[in-house]
Amino acid sequence: MMTYFWQYVLGALILILAAMVVLIFRKKALLDKLNYVFAMNTVIVLLILVVGFAGGREDMFIDIALSYSILGFVTSVILAKYIGGRKK
Amino acid sequence: MTVTMIITAVLIILGLLFMLASLIGIAALPDFFTRLHAQGVGDTLGAFLILAGMMVAVHGGLLSVKIFLIFIIIVLTNPIGTNLMMIAAINKEDYLGYRTRVSGEEAAAEYVSPDPEPEDEPEKADSEPEEKLVEETEKAEPEKPAEEKQEEVKPEEPENRKAKPEKKQAPKKKRKRKPSMSMNKAELIKAAEIRGISVPEGATKREILDLIYADREQ
Numbered sequence: 012m013m014t015y016f017w018q019y020v021l022g023a024l025i026l027i028l029a030a031m032v033v034l035i036f037r038k039k040a041l042l043d044k045l046n047y048v049f050a051m052n053t054v055i056v057l058l059i060l061v062v063g064f065a066g067g068r069e070d071m072f073i074d075i076a077l078s079y080s081i082l083g084f085v086t087s088v089i090l091a092k093y094i095g096g097r098k099k
Numbered sequence: 024m025t026v027t028m029i030i031t032a033v034l035i036i037l038g039l040l041f042m043l044a045s046l047i048g049i050a051a052l053p054d055f056f057t058r059l060h061a062q063g064v065g066d067t068l069g070a071f072l073i074l075a076g077m078m079v080a081v082h083g084g085l086l087s088v089k090i091f092l093i094f095i096i097i098v099l100t101n102p103i104g105t106n107l108m109m110i111a112a113i114n115k116e117d118y119l120g121y122r123t124r125v126s127g128e129e130a131a132a133e134y135v136s137p138d139p140e141p142e143d144e145p146e147k148a149d150s151e152p153e154e155k156l157v158e159e160t161e162k163a164e165p166e167k168p169a170e171e172k173q174e175e176v177k178p179e180e181p182e183n184r185k186a187k188p189e190k191k192q193a194p195k196k197k198r199k200r201k202p203s204m205s206m207n208k209a210e211l212i213k214a215a216e217i218r219g220i221s222v223p224e225g226a227t228k229r230e231i232l233d234l235i236y237a238d239r240e241q
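Protein chains in written order, with the numbering used here: chain A, 12 to 99; chain B, 24 to 241.
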């Protein structure tokens, strides 16, 4: 019962993620793409969690999601610094 | 179908709705800063509702604390990232004069628009003002449709990079700048009074500029 529910949630999150990937290629401005990367970071963390719940192994996937959220933040900050340049 | 299941389902469906709203906002809002704002909806409330549903689903305990830790990390880090992106956007292009406006009128008075030609060549300046006026008007036009603003972000990059060091040195030299549409109204009136032109009440920026240029040609 609950497994089906998690699978639907997984499908919805994957659809949101796919829409973001499509929109990254449609937007022209570089900073808009960066904005999408940031939004995708959150969605991917949730996706990892939901994968764990759907497979019944949430204890393992929660740790993975924890580390991914930190890594995704570091990636995004480095990208933003690289694109934006040093503040004067 | 227990109570925890129902609470989980309701919270997660609500969270998904907020994520969807955030996605639509990022896709459809007209301006870069508004899009940044729309991203925050999904990052805070959407993520919080989904994670709260998961916290209910694992029946409390250590796992639920870990999920809450994920939420803490998301909430702490995402505003930093958004802030960095905003700084990047402001540094990249002088967004509608944002940098000059934000630091008050003094900065606006000292701000030298980065056009390369110096003031000290009267013959050249006399032959050109009409052209330049048109250029400046296009540059300083405050109300553009949203699509044009978006397009502006990318192609202007090399020009702006070149212009940046000039902008930094300019206030030290205290170079006198030409009157143009990029100045605000008080500065234009001051510039007109220095040249001895009386400005009528309620004149627009454009009219003051016309008066100044007409005076210069004589």
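If you are wondering where the hints come from, they were derived from the structure by calculation, not from laboratory data.
Just so you know, even glycine gets a beta-carbon here, dropped at the ideal spot from N, CA and C.
Please note that the accuracy of each hint is not assured.
Quick list of simulated restraints, FRET-style, between CB atoms [what the hints assert, rightly or not]: (1) B:Val98 <-> A:Phe36: 28 to 34 angstroms; (2) B:Asn207 <-> A:Leu34: 54 to 60 angstroms; (3) A:Val33 <-> B:Arg239: 50 to 56 angstroms; (4) A:Gln18 <-> B:Thr27: 35 to 41 angstroms; (5) A:Gly66 <-> B:Val33: 18 to 24 angstroms; (6) A:Leu41 <-> B:Gly83: 30 to 36 angstroms.
Here's how the hints hold up against the structure:
no., hint, in the structure
1, B:Val98 <-> A:Phe36: 28 to 34 angstroms, "29 angstroms, holds"
2, B:Asn207 <-> A:Leu34: 54 to 60 angstroms, "37 angstroms, violated"
3, A:Val33 <-> B:Arg239: 50 to 56 angstroms, "54 angstroms, holds"
4, A:Gln18 <-> B:Thr27: 35 to 41 angstroms, "18 angstroms, violated"
5, A:Gly66 <-> B:Val33: 18 to 24 angstroms, "23 angstroms, holds"
6, A:Leu41 <-> B:Gly83: 30 to 36 angstroms, "44 angstroms, violated"
Consistency note: the structure conflicts with the earlier hints numbered 2, 4 and 6.
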